Structures are given as C-alpha cells and as structure tokens.
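Using the sequences and the hints, build the whole thing.
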Amino acid sequence: MKDAPINSPLVLAGAGHAHLVLFRRWLDDGFRPPAGTVLINPGPDAWYSGMMPGLLAGRYTAADCAIALAPLCQALGIELIDDSVVALNAAGNVITLAKAGALSYQTLSINTGSRPPPPVLNDGSIDLVPAKPFAEFFQRWQLWQRGEAPARLGILGGGAAAVELALALRKSLPASDVHVFSGRALLEGHACGLMHRARNLLLARGVKLREDVYIDQLRQGQAMNGERPLQQLDALILVNGAAAQSWYQDSGLMCDQSGFIRVDDTLRSTSSSDVFVAGDSAAHAGSQKSGVYSVRHGAVLARNIKAKLTGGELTAYRPQKSALALLSTADGGALVHYAGFTLSGRLIGKWKNHLDQGFMKKHRLTDAR
83 MKDAPINSPL VLAGAGHAHL VLFRRWLDDG FRPPAGTVLI NPGPDAWYSG
133 MMPGLLAGRY TAADCAIALA PLCQALGIEL IDDSVVALNA AGNVITLAKA
183 GALSYQTLSI NTGSRPPPPV LNDGSIDLVP AKPFAEFFQR WQLWQRGEAP
233 ARLGILGGGA AAVELALALR KSLPASDVHV FSGRALLEGH ACGLMHRARN
283 LLLARGVKLR EDVYIDQLRQ GQAMNGERPL QQLDALILVN GAAAQSWYQD
333 SGLMCDQSGF IRVDDTLRST SSSDVFVAGD SAAHAGSQKS GVYSVRHGAV
383 LARNIKAKLT GGELTAYRPQ KSALALLSTA DGGALVHYAG FTLSGRLIGK
433 WKNHLDQGFM KKHRLTDAR
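Under my numbering, the first residue of the sequence shown carries the number 83, and numbering increases by one thereafter.
To be clear, the hints were calculated from the coordinates, so they are not data collected in a lab.
These figures come from a predicted structure and were not determined experimentally.
The beta-carbon is built from N, C-alpha and C at its ideal position, and this holds for glycine as well.
Worth double-checking, as some hints may not be accurate.
Unchecked claim - No farther apart than 20 Å at their CA atoms in a straight line, the calculated lysine to any residue pairs in the SDA-like style are these:
1. K432 / T143
2. K181 / A169
3. K181 / L162
4. K371 / A267
5. K290 / L210
6. K253 / T143
7. K253 / R141
8. K371 / V418
9. K253 / A233
10. K181 / T143
11. K371 / P212
12. K214 / G323
13. K388 / V377
14. K403 / T424
15. K390 / A173
As the list claims (entries may be wrong) - Label-pair restraints from in silico Cβ distances:
16. D205 / R428: 42 to 48 Å
17. H436 / D346: 33 to 39 Å
18. F113 / G303: 50 to 56 Å
Pasting the structure below:
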C-alpha cells in the first residue's frame, strides 16, 4: 500500500458490503475504473457481518469471515490505502485522511457505515465496547477469551444483532453473566413468532433480559436510567442502533436529522452530483440500517458510478418490500421469519451457513475466480 495520491478520479471510502458487491459487479462486467482510483479502508480486510456471531461462537475462524481487499483492488487496478476518512469538504471535493492528509477527488463513493451511540453520561467506571467496527470489537473479544472476560457483561440493544451477540457470548464466555437491555420490546417491529422464540431462547440459555429499559448513564459501575440503578456491570457492549460518523454533518452535504447523508433514488447525494452514498451512511427512504440493504445498494451503485464515469444514464434503486430475518443461535441452528412463517433449528442453521458461505465465495476473489 502506498501513500495517497494528490488527486483521484474516483475515491471509494470504506469497504462495506455495498462496495464489495460493486467490486464483484465490475469484475464480472470486465469494467476497470480510471487510473488513479483508490479504496480507503482502515485495514486490509472487509469483515462479513452475517458470520460475526458464528465467529464469536466458535463456529468459524477469523479467516472464514474476512475478505482480503488487496486481490480485488489489484484485479481492478485500484490502489488500496490503509487509512480512515476524518473529514470531507464536499464544496471543494476534498477528503481528509487520518494519516495521509488531504486527497481531492472527482467522484466519491461513501460506504463507511455507522457506529452505535454511547450513553449520554459515562464516568468511565464501566468499560464501553462498541460492536462496530468489528475488527476492534474482535480484538477485545480475543482478550476476553484469554482469561480477561468481564464477570458482568451487558449488551445494550434489542435488535437482531443484540440477540445473536448475546447467544454467541453466552457460549464463548460461560463464566460471564450476560445481560441484555432493550430500550423497547425485544425485536420490536419483527413478527410476533420471531420475538417469542428469540425471547425464550435467550432465557433458556441463561441470558438475563430486560425490555423497555433505557440506559442513559453509566455511573460508579452501575447502568442507570436517570437516577434509577439498573445493574452493576463491568463492561457494556453497544449494539443499540446506528449513529452517523461525525464528519458526515460537517461535510457540507445535506443530512437527515440523525446525521446520515441524504441521497436520491440513484444513491447520489441530494446536494452534490459528485458524491454517491450507500449502506448505513445513506439516508434513503425505504432503506434500513442493515447489511441486507447495503448489499442491495451495491448493484445499483456499481451501475451508477460506472454510468457517471462513462457518460451513461443513472438508474434508480428500488428497495425490497420485506427483508429476510435470519438469526444465528450460536449452536449451529438459526431462527428465521419470512413470508409469514417463523422457523428454527439446525436445518435453518445449515441454510444460513450456505447463504453466508455463498456470499464469501462470490465476493472473495480467490474463491470466485
């Protein structure tokens, strides 16, 4: 990996799921982006979120879940830069990198994702551990595996990721008491059957579950709701939704109330024709903050960036009306809800593994070509 060039015709910020799909589409189409195109990512690999719970539960190795970026970049003539975006000046078409400094661009694609928001007040008495970015969380989990696991481990969040993480950590850290704090009903918005099965499974595995509980303070080793103490904790993992990267709102791009970058149906910024945004970074009506939607963004992103570079016509992204809810249960099984049915068991787990391995084989260059 080399130092960043002064100017680039195309900058791809982040190796999220959408950009992985973009790479695959361009390879399949035989399209090579212009010379000087760069990918900026903090690290040499892209992690596939669908397999993270299985990794923590001991069902996969780290190598199983990571896609090496160098072979993809080399095949497409893209320069890989190990760095992070810390600022964007959309009016001047300039991004700033943590290590390499300023880099100007002609076209920019943002797929740098989100981070879970921390509690409002924190006195430092409880170790805060964001679940994203996963590479950092995985390093912390490895320390826990080596005998430094917290005795009282909290998980803040009540979505699918929180359920999967709780089950995986209950298995891999059996000496830790695992507590899940959901600000609403567990898996709220999902089918009742899925909510019921997930709740029962957590309790059967020994996970302590508290629903409709909002943690806004961490003080003297206590998770608090206002002045009400909820639970003594040693560490709290944040899986409580998506917060925008701070530089989004400072970029000059139009953002929504949560700080995510507004895009039109072509996934182009509503305030800059030179900027495309996908995955969690994008504020798009009909898209949720989920890897499923980021993957779907990728195909449209590949077509539209190619069209912009070659003078073609942009096409619209049409979000699917429903998404498959498929949760790993850390024992080789899985929970699924689709088209009105909720199922669970090892057969569903084998199906999930087949889907996950298929994604990896398709997008990892050494497997796919």
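Check each numbered hint against the structure and report the violated ones by number, ascending.
10
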